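Chemist: Take a look at the letters that make up each chain.
There are 2 protein chains.
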Amino acid sequence: MKIVQVAFEGFTDVDVHLPWDLLNRVRREDWRVRIVADRPVVRSQTGLALTVHGGLEEIADADAVLFASGPATRALCKDAAFLASLHLDPSRQLIGSMCSGALILAAKGLLEGIPATTYPTARKDLEAFGVTVLERPFVRHGNIATAAGCLAAQYLAGWVIETLLDARTRELVLRSVQPVGEGFGFDDADAIRSLYAPESLSR
Amino acid sequence: MKIVQVAFEGFTDVDVHLPWDLLNRVRREDWRVRIVADRPVVRSQTGLALTVHGGLEEIADADAVLFASGPATRALCKDAAFLASLHLDPSRQLIGSMCSGALILAAKGLLEGIPATTYPTARKDLEAFGVTVLERPFVRHGNIATAAGCLAAQYLAGWVIETLLDARTRELVLRSVQPVGEGFGFDDADAIRSLYAPESLSR
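Protein chains in written order, with my numbering: chain A, 1 to 203; chain B, 1 to 203.
Hints listed in this document are in silico derivations from the structure and should not be mistaken for laboratory results.
Remember, predicted model here, so these are calculated numbers, not experimental data.
The beta-carbon is built from N, C-alpha and C at its ideal position, and this holds for glycine as well.
Keep in mind that the hints are not guaranteed to be accurate.
[To be verified] Label pairs and their computed distance ranges (CB to CB):
{"hint": "1", "chain 1": "A", "residue 1": "R168", "chain 2": "B", "residue 2": "R168", "range": "37 to 43 Å"}
{"hint": "2", "chain 1": "A", "residue 1": "G55", "chain 2": "B", "residue 2": "P71", "range": "27 to 33 Å"}
{"hint": "3", "chain 1": "A", "residue 1": "K124", "chain 2": "B", "residue 2": "A80", "range": "56 to 62 Å"}
{"hint": "4", "chain 1": "A", "residue 1": "P71", "chain 2": "B", "residue 2": "A167", "range": "26 to 32 Å"}
{"hint": "5", "chain 1": "A", "residue 1": "G142", "chain 2": "B", "residue 2": "G185", "range": "24 to 30 Å"}
{"hint": "6", "chain 1": "A", "residue 1": "A75", "chain 2": "B", "residue 2": "A167", "range": "34 to 40 Å"}
Please model the complete structure; the sequences and the hints are all you need to start from.
Modeler: Structure (structure tokens):
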């Protein structure tokens, strides 16, 4: 199973790094997470350099593709060359977005006839594509999902994990990042250690 | 005001990137956030390279110093050279940690006589320093605070923002990352835009 996160120049830091961290808590030999972009190094909105794992061509054979967010999405959703380089197939791929990343899904025609969510500052831009925009943290319709508000990355990554693997793995991964006492407590140390043993999950 | 985040080889991704993203939502000319380490580039637990802003000497003149977490803390808290390079002064600095980063605070003698929290898998290591470890997401005593569970980064970053600035700025920053409808809703688009206008916060 291959999950691809699409980043770009000016991405919102946590909208890439929170899904990335969550998805990497799945330890299976057949589970690969890759960050891709249209260039070898992209800088986040705050100026941190991120050397990505590959180019946009990696999207084509992914099982799940998640788009990042950031002010740059307003230009990218009108960038014909960028859009043409995204080889997406919603019949066999899970496709999702964080916050304003929904604009890229809309530009690719993936939100035709289905509702979606986005960050408040991108709502009008998304509506301009004719999309019905719901004020919800997570909206899923078949293989397409949109999440809004950075911490809703939990819903997006959780959806990918549960759909490609199972609900138990999703639950363990999400519990592992909650504040202590809200997810895992002190009595769960052994459970957490086994979570991170190689190949421990979903087997 | 200068806030320094201390990273190291093998850091837990989101325990650096979530506080970083939150702290960078404060837009003031006199507010600087820097990630430092004992080398120019550190790799996260998942293998992402992070080019840091400076070395550990930057700790000395910081107003707040936040330690990252990761398996490496078990060795770092026994590494005399590393510990000697941390010039901390709890009488004039806020000093905090994510998850197992509390082991470094303990090794520096900062948790003597005060309780702390840590990630479940590091509890026994922290108790071995003689620290009273509480099963809570956030424990503060004067200028020293420990947070546990990745998403408790909100409490840690929020504490720094409120203490160095004010409660309103803390609230706006934390609301801005909540899932849509739980923090900001669609009617808050203008409020969010003003949040990110230069110099808009805390003025």
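Chemist: Would you mind marking each hint as holding or not holding in the structure?
Modeler: Outcome of the hint check:
1. Between R168 of chain A and R168 of chain B the CB atoms are about 41 Å apart, so this pair conforms to the stated range of 37 to 43 Å.
2. At roughly 31 Å, the beta carbons of G55 of chain A and P71 of chain B sit within the given window of 27 to 33 Å.
3. Judged by the Cβ atoms, the range 56 to 62 Å given for K124 of chain A and A80 of chain B holds: they are separated by roughly 57 Å.
4. At about 28 Å, the beta-carbon gap between P71 of chain A and A167 of chain B stays in the expected band of 26 to 32 Å.
5. Taking the beta carbon of each, G142 of chain A and G185 of chain B are about 26 Å apart, inside 24 to 30 Å as hinted.
6. One distance hint, 34 to 40 Å for the beta-carbon pair A75 of chain A and A167 of chain B, holds here, with the actual separation near 36 Å.
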